[in-house]
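Enquirer: Throw the hints in and build the complete structure from the sequences for me.
In case you want the letters, here they are:
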Amino acid sequence: MDVNGAPSDAEIVARVLAGDTEAFGFVIRRYEAGLLRFATRMLGSRDAAADAVAEGLVRAYRHLASCRDPERLRTWLYRIVTNRCKSHLARRSVGDVPLDEAPPLADPSDGEATLERAEQLALVQRALTGLSPDKREAFVLKHVEGLSYEEMAAITGERIPTLKMRVHRAREALLKVLEEHT
Amino acid sequence: MSTIDPRIHEALDGELPTDALPVELRPAAQTVRTAADLLAAPVPGASLESRIMAEVRRPAPSPLRRAAGWLATPHAVTLRVRPVWSLALAATAAVFTLFFARDAGPQLGEHEGIAQFVGRFPDARSVHVVGTFNDWRPGTIALEDLRHDGVWSATVVLPTGTYEYMFVVDGERWVPDHLADRLVADDFGRENSVVIVRPVHR
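Heads up: the sequence lines are chains A and B, in that order. Under our numbering, the first residue of the first sequence carries the number 1, and numbering increases by one thereafter. Under our numbering, the first residue of the second sequence carries the number 1, and numbering increases by one thereafter.
Hints listed in this document are in silico derivations from the structure and should not be mistaken for laboratory results. One or more of the hints may lead you astray.
Just a few of them, taken from the derived set where beta-carbon distance is under 8 Å, the chain A residues facing chain B [stated by the list, open to error]: (1) L57; (2) R59; (3) H63; (4) S66; (5) D69; (6) N83.
In silico DMTMM-like links for lysine to aspartate or glutamate, alpha-carbon gap of 20 Å or less [as the list claims (entries may be wrong)]: (7) A:K86 with B:E191; (8) A:K176 with B:E10; (9) A:K164 with B:E191.
We treat Cβ as the ideally placed atom computed from N, Cα and C, and that holds for glycine.
Expert: Encoded structure:
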């Protein structure tokens, strides 16, 4: 139990494994938003991301007994969803994001600042989608999800120097694209 | 080779304070931070909770359906016999083979083979094998340390095919078999061992 009275990840895992299926709702509510954002940035499509996250969390539920360290449930879930994203990417050509899957633009009735922000997001998402999946994954985990290189290594199974190099290359590629458009 | 000043990376990695970054390099670092902030915005849309919970709540099949499924599905079979009885059984089998079943082959189906699982776990209290042949359910196939020397083994009959598996030591520690034919990575950051069960040739 944390200071706010919410059960810890380990307590939730123990409850689910003891047969309390409904306790898995805590896991979904706690991690869904972050996982969905990560998958959306990886796949460039909210619908594909929703499928990847739903598949990943159902797999996590079914294999919860094999989560060796429930205190690090978050890392374990990211690893599963990362692999689901890779499976989705493998089924389609990378970087080929159909227009109907591109990030939605804001409604024209929205304010100017909102519109400008939506356009900037669309530009950044397109630049991100142009990166290789490895670099995109490294950039999103580091800068969007705010993970440490140690956590990224646990999720991806890669060595920290490799991940640092990917983040550096991703920054350089993004800067090049973004500076061309400003 | 880096195409931007390495100090920008140091600042973005938290290894260099932003105010220690030369003024002319700050816009590039700020561009990356701004891009990250945009991408970090929540993704709008309905929650997936009801969809996921509907899947995990899906009721198990009825006992009748499960029984029918069990009868129609090939299963691994483990025989646990005391050494003294195994000797007696072996002698009986030898006599039977010599005098009554010379022309009979092994009692395995055309699409069945034998898989032997062996692992060395000197301090283990129990060892089971789980894999794609038993839906990764611990407790269904136990290995035995017959000679109390820490070498655990089980011989099972399986339908021919390629299976991924792991050992479960003391009910909680999942360990791959590094002596397996090969190892493959799974979705959960582990390495699964792979066994290929071939038909027994007559």
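Enquirer: Against each hint, give a clear statement of whether it holds in the structure.
Expert: Status of each hint after checking the structure:
Hint status for L57 of chain A: holds, given a least beta-carbon distance of 5 Å to chain B, under 8 Å. Look at R59 of chain A: its Cβ gets to within about 7 Å of chain B, closer than 8 Å, so that hint holds up. Taken as an interface hint, H63 of chain A checks out: its beta carbon lies about 6 Å from the nearest beta carbon of chain B, inside 8 Å. With a cut of 8 Å, the hint placing S66 of chain A at the interface with chain B holds, because the nearest CB-to-CB distance is about 6 Å.
The beta carbon of D69 of chain A is not positioned within 8 Å of any beta carbon in chain B (closest approach about 11 Å), and the interface hint is therefore violated. Checking N83 of chain A against chain B by beta carbon gives a least distance of about 4 Å; that is within 8 Å, so the hint holds. Using a Cα cut-off of 20 Å, the hinted pair K86 of chain A and E191 of chain B holds, with the two alpha carbons roughly 18 Å apart. Proposed proximity of K176 of chain A and E10 of chain B is supported: the alpha carbons are some 18 Å apart, at most 20 Å.
Taking the CA atoms of K164 of chain A and E191 of chain B, the gap is near 24 Å; set against the 20 Å cutoff, the hint is violated.
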